[in-house]
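**Student:** Residues per chain, in single letters:
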Amino acid sequence: MTEAPGVERSQAIGIATAGRPPLRLVPILERRSTIGDFERISVYGASLIVAALISISLLAVAGVAPSALGSEIATVAFSSPRALGSVLAQTAPFLIAGLATAIAFRANFWNIGLEGQMIFGAICASVVAIYDIGPEWLRLPLMMIAAAVGGMLWIAGPGYLKLKIGVSEVITTLLLNYVAFNLLLNQLYGPWQDPVSRFPHTEAYDTAERMPFLGWENLSWALPFAVVLMLGLWWVYSMSRFGYLTDLMRSNREMARAVGVPVVGLSIAAILGSGAVGGLTGFAITAGVEGRMTQDFFTGYLFAGVLIAFLGRNHPLGVAAFAIFMAILLLVGQSLQVFFQVPFSLVQLIQAIFIVCVAGSQFFLTYRMHWRGAA
Amino acid sequence: MDFLANWAASIPAFAVPFALAAFGLIISEKAGVLNLGAEGFMLAGALAGVGLMIAGAPPLLALAGAAMAGAAMGLLFAVMVAGLRIDHVISGLALVFASGALTSFIAAQYRWTNTAIGGLEPVLLEQDIVVFATPFICLAVVWLLQRTRFGLAIRAVGENPGAADAAGIDVTNVRFAAIILGAALIGLAGGYLTVAVTRIWVDGVVGGRGWIAIALVIFARWHPWRALLGALLFGCIEALIPRIAATGADVPRYFLQMTPYLATLAVMVWAAMRGSDRWAQPAALGQHHVREDRT
Amino acid sequence: MAAALALKDVTKVFGGFRALDRISFSATAGEVHALLGENGAGKSTLMNIASGIYTPDEGHIEIDGTPVVLKGARDAALRGVGMVHQHFKLVRSFSVLDNLRLFNPQTAPSALSDRAKSLAAQMGFNIDLARTVGTLGVAEQQRVEILKVLVAGAQIVILDEPTAVLSDEEGNALMALVRSLADAGNAVVLVTHKLNEALFHSDRITVIRSGRKIVGTIPSETDAKRLTTDIVGEYLVEEPALSAAAGSVRLGLVEVQQPGSDGRKGLRGASFNARGGEIYGVAGVAGNGQDELADVLSGMAAPEAGKIEIAGAGDVAADGPDARRRHGVATIPVDRYRQGLAGGMSVADNLAVRGALAGRYGGWSRFDRRAARKRAAELVESFEIQGVRSLGQRSALLSGGNAQKLVLAREFEGDPSIVVAHSPTRGLDVRASAAVHGRLRKARDRGAAVVVISEDLDEIMLLSDRIGVLSGGRITAEFSAPADRAAIGQAMVGHD
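Residue numbers (the working numbering), protein chains in the order written: chain A, 945 to 1319; chain B, 1130 to 1424; chain C, 2 to 497.
Here chain A stands alone, though its shape is the one from the complex (with noise of 0.2 Å):
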């Protein structure tokens, strides 16, 4: 079968005209070769929206109305002080997790072990707190910098095995998750377990060990201990030499190990500021918000720090909007949990839904489709 030469376009839209085969419309994908700012904002701006209509839809099929969603929304975020305060308390350790994420992302790492990390590094945290090792007055830096050790020290196998023979970070690091949580386990139904009410968790740390409170709602220095590490990563990423190769290497790493940029010094240096900036995680949910360390402190964060990361763009101040975000949308949940029985599981499923929408965005900054008729 022959089709005639030519094909108008008003006839390639589909409708058969007599005398002729219908035609079948195929799509042709094409390269873009160049985007404007403006399209990619648009585009960005587009799959959020998406996004959040497909949620607000999800749970209108739960039973949570879109009026009730909004007003639950300003009653948990806004509404008073406190609620603010929570918010922002919430924010702090998401800070904190989307910013480790983060950092091995713009390196190009794909680290996937933000549990395992966040795990031992507050293991290694409670050492210090419940053998009580050193000082009072040093304890909580020791802890800090124990906690920043042990998430390096967790990490440094991943990225060894990366570096060197090239084995799979997404995979390593997340079946190290596995393996810090059972370590977890061993400890809490084993030699730190509370041993005032048996329960499976360690001691409450001592005032010394826990991050002391601003003065305001239930703020601790958690928030400002993250914001400044925001604020010292964003001036890393836009002022410094670091930063600008780091981003060579993410955009052309071949290119920038031949003009002689030493990728393997800024991939390790990238790799362990993840790995520390994870452990810190943990240390800020142990000692900043619980006290203690429990046994599903870290549940949660893996999942929440790669889609602050990957909304916030791997920019300082993208993660920390979508920090906030993700505080109000975990609040929000558990708030619908109470009062419509909604299960706590839908706010994982709306992150889901985010990651994939704006993963989807991406096609439509990549390429442009049209359509052709074809015999």
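Simulated from the structure, these hints should not be mistaken for lab results.
Quick caveat: nothing in here was measured; it's all calculated off a predicted structure.
Hints are supplied without guarantee of correctness; some may be wrong.
Within a straight-line C-alpha distance of at most 20 Å, the following computed EDC-like cross-link-like pairs (lysine to aspartate or glutamate) qualify [as the list claims (entries may be wrong)]:
hint, chain 1, residue 1, chain 2, residue 2
1, C, Lys308, C, Glu256
2, C, Lys72, B, Glu1250
3, C, Lys195, C, Glu171
4, C, Lys118, C, Asp129
5, A, Lys1108, C, Asp416
6, C, Lys226, C, Glu240
7, A, Lys1108, C, Asp323
8, C, Lys214, C, Glu63
9, C, Lys72, A, Glu974
10, C, Lys375, C, Glu385
11, C, Lys375, C, Asp416
12, C, Lys214, C, Glu240
13, C, Lys72, C, Asp58
14, C, Lys443, C, Asp129
15, A, Lys1108, C, Glu305
Add chains B and C to chain A, keeping to what the hints say.
**Tutor:** Below, chains B and C alone, put in the same frame as chain A:
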């Protein structure tokens, strides 16, 4: 003796999920799709299996449903990586997260969590039908990949999508088919896990087996028979854990539970040190194909 | 008689760029039709349309006088149009037969095998169909490609730059095959940028430039000079300019060994010296160790054995690229988009990296973007990098020639004493090539030792003060300019 007999008898049930998931992964990865979504497909299959069993379906129907659930998640994955050409790593991770959330949501909504279900009955030598079917599934995968035109197309797409395209193969369609078929097998693996092994649903029941299967495929250098052997090895390790615990021996329980993950890490290191993977790995693994790309 | 293949008023636009502008082209059974034009003129795009890989935005295709819509390469082959690409469309890990099966799925394997054997015999091509394609030499792979389209029933065979990857000798053998294909009643389209192929091996010549048809002629009615003018738009011929004075040895290789990737042989004891103030050209057929040589010279790979000596630094074989650069080595990589540019980063950021590493824009904790931008603007100006609308523009958007100029501008920062260039003008048009060559000569005249690795013997002849022939991973012969082309050609294919 009892210890060895009990151990040996429980190995196949632990090995089957690894084997089936690895076969599914091999099919999609042979088509050039880096499939990190396995854990998610297994979760979907595992929940579907439990749900159908609770609804009163016979075990084999539950397993079929598990495969369908895996395939459904596979379709979503295919739309992302083969259709929209989103980065394979982020797509896989997104799906693992999405599956974890979705399964946990559904299980909570229908109150399936911690509900014991009946399981798959043994047919011979204390083993169920799927155990006996697994070698044949392996054979079928080998046959599909090596002996059929579809298999030829899958391998061509995974090795050199440009050449496959030039040979008139629709790269996108082949990848869709390979992903969905593979995801069905991975879903079946998840279904088998709950229907035949755990006989209960708890959130995250798959417990990293999907990730272990991914490592297994690298270890097996994308070859189904070697994957079957690797699955047996991991079956041995996993089956050992409850056996040792049952003897009452004074081995720290949680360290014992780390062993599958540590073994996986060891296997990955070993595979990488051997360094010959570059030959076995599909050349276009993780790469997108766009016909009108200008070079 | 209707043409076997005719393209009528074909237009193709890529993201706003008119690659083809209402071009018509035809090929008749029994003739060899040369499609001539320089890199980027639109030759490959036109032939990709003829073979169903691209769909035209406007215009249509006729086969034997009948309008057709081609649904893809295989569809085209079944209708008689077969394209042999410059970059072969073969699955390297498959056997020859599996590659044929892939392309001819409807035919039973045994029938396919018989058909392939008889066609191969007609081609004078002795091939074991069970061989894995990746283990075949380049010339053999090319014949497998030709066999593939013939088995599918192609009577119109399009060869895209077929001699680019071949030695002179293999090229001549291919031209004989091309003639025999035409004599057997096929229409052959020879896409090339080499004048001699068109003048001596074709029956008709069509020249295109910037996506437009410039002229259609026959070999007896034209000559090299007129064709050059048609291709480039003006008479532009680069003349060799030899070194005024070669200095002392700057770079020396002693028995360097480095295994190749993909099962290639790599380097097997390569030795040569390059002196300051000379261009040392490394000639050779592709796959004889060029990539490995470039890698060990740039430090991207540490050689397995042997010494790489740099005057004043001693043996640097174990040093990585960063240390090499501190010894004054600059590298112009073969694949400028993959190894030369960070495509997602701006032009300014790409230009700044050498300066940043040298500490010109602050220490580790600082990166003075304003100073870097200022320097980038100077470099864009002095290296005449065109198509830069702003310094913040992503470098991936630069055309091949300008991308290469960017790489040169960056690499020549800090006046390197040793320059290693691998196929520096691959894929560039004549004007851009001349500019790149000019830069390399300038570096030489400044006193640098310049090593140019190229599979294009014309380029080697044009540039080099001395020529080493790389064959089987060793330098098997050396010549001083002006050298005898035939003797070099002989050395390139001579096996030890």
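**Student:** Take the C-alpha atoms of Lys308 (chain C) and Glu256 (chain C), compute the straight-line distance between them, and say whether it is at most 20 Å.
**Tutor:** 7 Å, holds
**Student:** Checking one constraint from the list: CA of Lys226 (chain C) to CA of Glu240 (chain C), max 20 Å. Satisfied?
**Tutor:** Distance ~14 Å between Lys226 (chain C) and Glu240 (chain C) Cα, so the pair holds.
**Student:** Are Lys1108 (chain A) and Asp323 (chain C) close enough, with their CA atoms no more than 20 Å apart?
**Tutor:** At roughly 18 Å apart (the allowed maximum being 20 Å), Asp323 (chain C) and Lys1108 (chain A) satisfy the hint.
**Student:** Keeping to a limit of 20 Å between CA atoms, is the pair of Lys214 (chain C) and Glu63 (chain C) held or broken?
**Tutor:** 18 Å, holds
**Student:** Check the hint pairing Lys195 (chain C) with Glu171 (chain C) against an upper bound of 20 Å on the C-alpha distance.
**Tutor:** Roughly 15 Å between the alpha carbons, so the hint for Lys195 (chain C) and Glu171 (chain C) holds.
**Student:** Quickly compare the C-alpha distance for Lys1108 (chain A) and Asp416 (chain C) to 20 Å and report which way the hint goes.
**Tutor:** 34 Å, violated
**Student:** Assess, step by step, whether the Cα of Lys72 (chain C) is no farther than 20 Å from the Cα of Glu974 (chain A), and give holds or violated.
**Tutor:** Answer holds: Lys72 (chain C) to Glu974 (chain A) is near 17 Å, not above 20 Å.
**Student:** Can you confirm whether the C-alpha distance between Lys118 (chain C) and Asp129 (chain C) stays at or below 20 Å?
**Tutor:** 9 Å, holds
**Student:** Is the hinted pair Lys1108 (chain A) and Glu305 (chain C) satisfied, with a Cα-Cα distance of at most 20 Å?
**Tutor:** OK: Lys1108 (chain A) and Glu305 (chain C) at ~18 Å, within 20 Å.
**Student:** Does Asp129 (chain C) sit within 20 Å of Lys443 (chain C), going by the straight-line distance between their CA atoms?
**Tutor:** Violated, at about 50 Å.
**Student:** Would you mind confirming whether the straight-line C-alpha gap from Lys214 (chain C) to Glu240 (chain C) stays at or under 20 Å?
**Tutor:** 28 Å, violated
**Student:** For the pair supplied as a hint, Lys72 (chain C) and Glu1250 (chain B), confirm whether the alpha-carbon distance does not exceed 20 Å.
**Tutor:** 52 Å, violated
In terms of the numbered hints stated before, the structure departs from hints 2, 5, 12 and 14, listed from lowest to highest.
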